[in-house]
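Engineer: Below are the chains, spelled out letter by letter.
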Amino acid sequence: MTTLVPNTFKGFGVTLKQVFKKPITQQYPEYKRPIYPRFRGRHRLWRHENGLEKCVGCSLCAAACPADCIRVVAAENTADNRVSAGERYARIYEINMSRCIFCGYCELACPFDAITLGNEFEISEYNRDDLIYTKDMLLAPPIKRVPVADPALYDTPLPYYRTHS
Amino acid sequence: MHPAETWWIALPEAFIVINLVMVAFAYTTWLERKALGRMQLRYGPNRAGPFGLLQPIADLIKLVRKEAFAPASVVEIPYIAAPIVSCGTALLAFSVIPFGPGWKVSHYYINGSVVNVPISLILIFALGSIGIYGFIVGGWSSDSKYSLLGSMRTCAQLVSYEVSLALSVLGVVLMGQSLNLTDIVAKQQTTVWFFLPQFVGLAVFMLGGVAETSRPPFDLPEADTELVAGYHTEYSGMRWGLFQTAEYINLIVLCGLTVTLFFDGWHFPWVHSLDKFGPIWFLLKLGILVNVFIWLRASQPRLRYDQLMRFGWKVLLPIATVNAVVTAALVVWI
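Those protein sequence lines, which keep their order, are chains A and Y. The first sequence begins at 1 in the working numbering and counts up by one. The second sequence begins at 166 in the working numbering and counts up by one.
Isolated chain Y (complex conformation) (with noise of 0.2 angstroms):
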């Protein structure tokens, strides 16, 4: 189908794509800290640069510079590369999800991702999976007591609500009969935008996800006003930062792969001749779902333990069932 991409052109746009990644990250931070602020009759930040725009960079400059203070009896090893490898899993997973339709320069080939796996769905899902041991190891080599109750909680909020989000997307993966991103927004563009026959998996889908990030209103992994920190409770620094880093862009990923599965990806809605310019449309679109998640956190106060155990086991998990078992009857018999 697609041309096979040379790795001199795939090699710098996997780098483009990472930095611009990390630059969405930074700017997420500032759009959730200024739409935050005006939802609560307040500025955010306004004095770093216009606007308060440099205010991630300020961050970023005192986050590095800021001493990295680690108790002295932490497991060294798991203690270092935890961060790493929440955040490192977090950048992963946005290389398959697709930004563009693929463009043709010359006679070489300029993929509309990162790299185009036949499973590049069920990919993302391990990779989250793989992230959620940055949390616990992290949690637990801290040796701090409120370090592993974090991570321990963590733990059960991420494992209990992944099983909902996999299943959410299941409507999805037979609808569009693939588990390639690329192959169901072709899908889509063919059909019609999952969002409408799958209401119910979008729902479940950000629900999930939004627990899978661990933001408000499912931020008890956290819990900055009531709990200590959790699992980051003895970092600081920019290893503390790296944590940061990987949560905000679980939210892009998952912002992204609602676009791809239920909002048709980069493709401009009805005109055709548009979709060149993919990755625009694609932003668009990411950047007002980053908002309604913003807007969520605004809006719903947290929900205590239980009932967050509760609502992902005896809400979501029976609704994403059933959604999927009545997608797969729909789609055999009609």
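So that you can see chain A by itself, here it is in the shape it has in the complex (with noise of 0.2 angstroms):
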């Protein structure tokens, strides 16, 4: 009871001293804190430096995914018609982002670093379809962009097949 008083009138002093001082909230969509580079964000599929894409279609990348989001069916590539630098190709590539957990295991299994995790994490949509990432928009470059932070900023360092695809 001695020290309830006092320290009851010391809390409002606690909160008054707060309205002076100046908030820290972050106003989000005006302004984008930099997040970490190794931020796991929206995939991206890579093409080699010749314009062949780098996936052969093996799908590695569905057998490990844990939340079966990813759909991979080959083809086979001609003379004619040759998309990657392997034997096959992936027809159809598609994510389905309302499923993925973002646990980076499709970049870890692939064997060719096709795919990559990304770091643009604004990737709502008000329809569910819109949510299924086809191949074409994965091998575009995200139209949003967030900043990233400077990668040497961090003690670790990016993976290879990061700085390398």
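What the hints contain is simulated information worked out from the structure, not anything from laboratory work. We put the beta carbon where it would ideally sit given N, CA and C, even for glycine. One or more hints might be untrue.
For lysine to aspartate or glutamate, the following EDC-like pairs were computed, each having C-alpha atoms within a straight-line distance of at most 20 angstroms [stated by the list, open to error]:
(1) 22/A with 197/Y
(2) 135/A with 94/A
(3) 17/A with 241/Y
(4) 21/A with 197/Y
(5) 441/Y with 170/Y
(6) 269/Y with 440/Y
(7) 135/A with 150/A
(8) 310/Y with 241/Y
(9) 135/A with 49/A
Derived coverage of chain A by chain Y (criterion: at least 3 residues anywhere in the stretch with Cβ under 8 angstroms from a Cβ of chain Y; other residues may be distant) [as the list claims (entries may be wrong)]:
(10) 10–17
(11) 23–37
Here are the computed distance ranges between Cβ atoms for each label pair [as the list claims (entries may be wrong)]:
(12) 236/Y with 126/A: 26 to 32 angstroms
(13) 465/Y with 25/A: 20 to 26 angstroms
(14) 26/A with 188/Y: 29 to 35 angstroms
(15) 226/Y with 2/A: 47 to 53 angstroms
(16) 9/A with 437/Y: 34 to 40 angstroms
(17) 144/A with 314/Y: 25 to 31 angstroms
(18) 188/Y with 157/A: 57 to 63 angstroms
(19) 183/Y with 144/A: 45 to 51 angstroms
(20) 21/A with 452/Y: 19 to 25 angstroms
(21) 126/A with 308/Y: 35 to 41 angstroms
(22) 491/Y with 20/A: 37 to 43 angstroms
(23) 2/A with 174/Y: 27 to 33 angstroms
Bring the two chains, given one by one in their own frames, into a single complex with the hints.
Structural biologist: What follows is the structure, encoded as structure tokens:
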């Protein structure tokens, strides 16, 4: 009881002091805090320098996916329709973003570093169907870009497959 | 004393006051969120309109358009009537609070309060007690055990603190020698603002009032973070909104009553020529008090239920009783 009453009034002082400080809220859509460079966001499929797709349609990413959100249908490359560097290519490559948990197992499973997880996280849609990303969408660079912090600021280096693909 | 108001003046006056109370309610929610935010190093609402000033309107539109979902097994008539009763009595209570000296326009007289009844203080407490029925019946008729438990919590708390609340104003009534709020305000004008001699009464009244409006740190009826929302668990949409309205209007009524009983109502201190702008000073004092309650909410942690009951019955009630007895003795012998 001897400390209860003064401490109660001390609480009022603590809250009143905060009123005169600047709020620490980051106003999100206007200010986007740079994200960690190894942040796992929207996927990206990659091409070789000569324009051929890296993906050979092996479906290892689909097998590794714990959320079962990747669908790959492979087809044979032919002489007049060469899509990928390997024997086969992914005729259909779809990722259901509403199921994806962004664990990154697909990029670990990929033997050709064809799929990586980018940094973009602003991928909400009004329609569930819009969240199924097709191969064309994944091959194109993302429309929205988010600021990424300088990797040099962090002591963990980016993995090889992120810097060389 | 006051010439009677004609009904065609009283009716628009009541209409204006009710709407002003509703506006005050809307912007109390805005003020609360804003002030709480600043006290927690946040901005509070700042998207809808400048400084988030359109936020209450956006909330209203959202609540009205939201589906008022009700469980299939509710007892329908009390379920729908409960929020209306709570909100209606809260609004009615404001009708007797004087906000001005009364104005004479040519040979017509405009009252300083919507109605002026000789027992206005008792009327306010009676209306408050009826408002509690809304919370109790609302929880019961929802046919959910959590609602029922919540309404029992509410019931126990409100009944406990109403005793202290009523006893704490007894000192003011004895000093003002009237149950009429207009007379109490007039008495303070000629003697002294009652918060000075009745500071114990003021403390008990404000603490009891926070419990009565079930605001933090006495918000056991809701306890959003720990318990299910209490008596309004099964309410949604504007029915829930009406309960919320009732809560905030109760807060405004409580602040208005505190201003009237302890801070001389609508009078401006010392300068009597400014008294004709009574509503402005009334609103000013009201605003300061509302801020104090918001500040209290931001600063103090919630009481545990047994602490709440112990505080109400073993601390507040004896203090209020002693205060009333001592005041009575002093009024008689001095």
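Engineer: Which hint numbers does the structure go against, in order from smallest to largest?
Structural biologist: Of the numbered hints given earlier, those the structure breaks are 3, 7, 17 and 23, listed in rising order.
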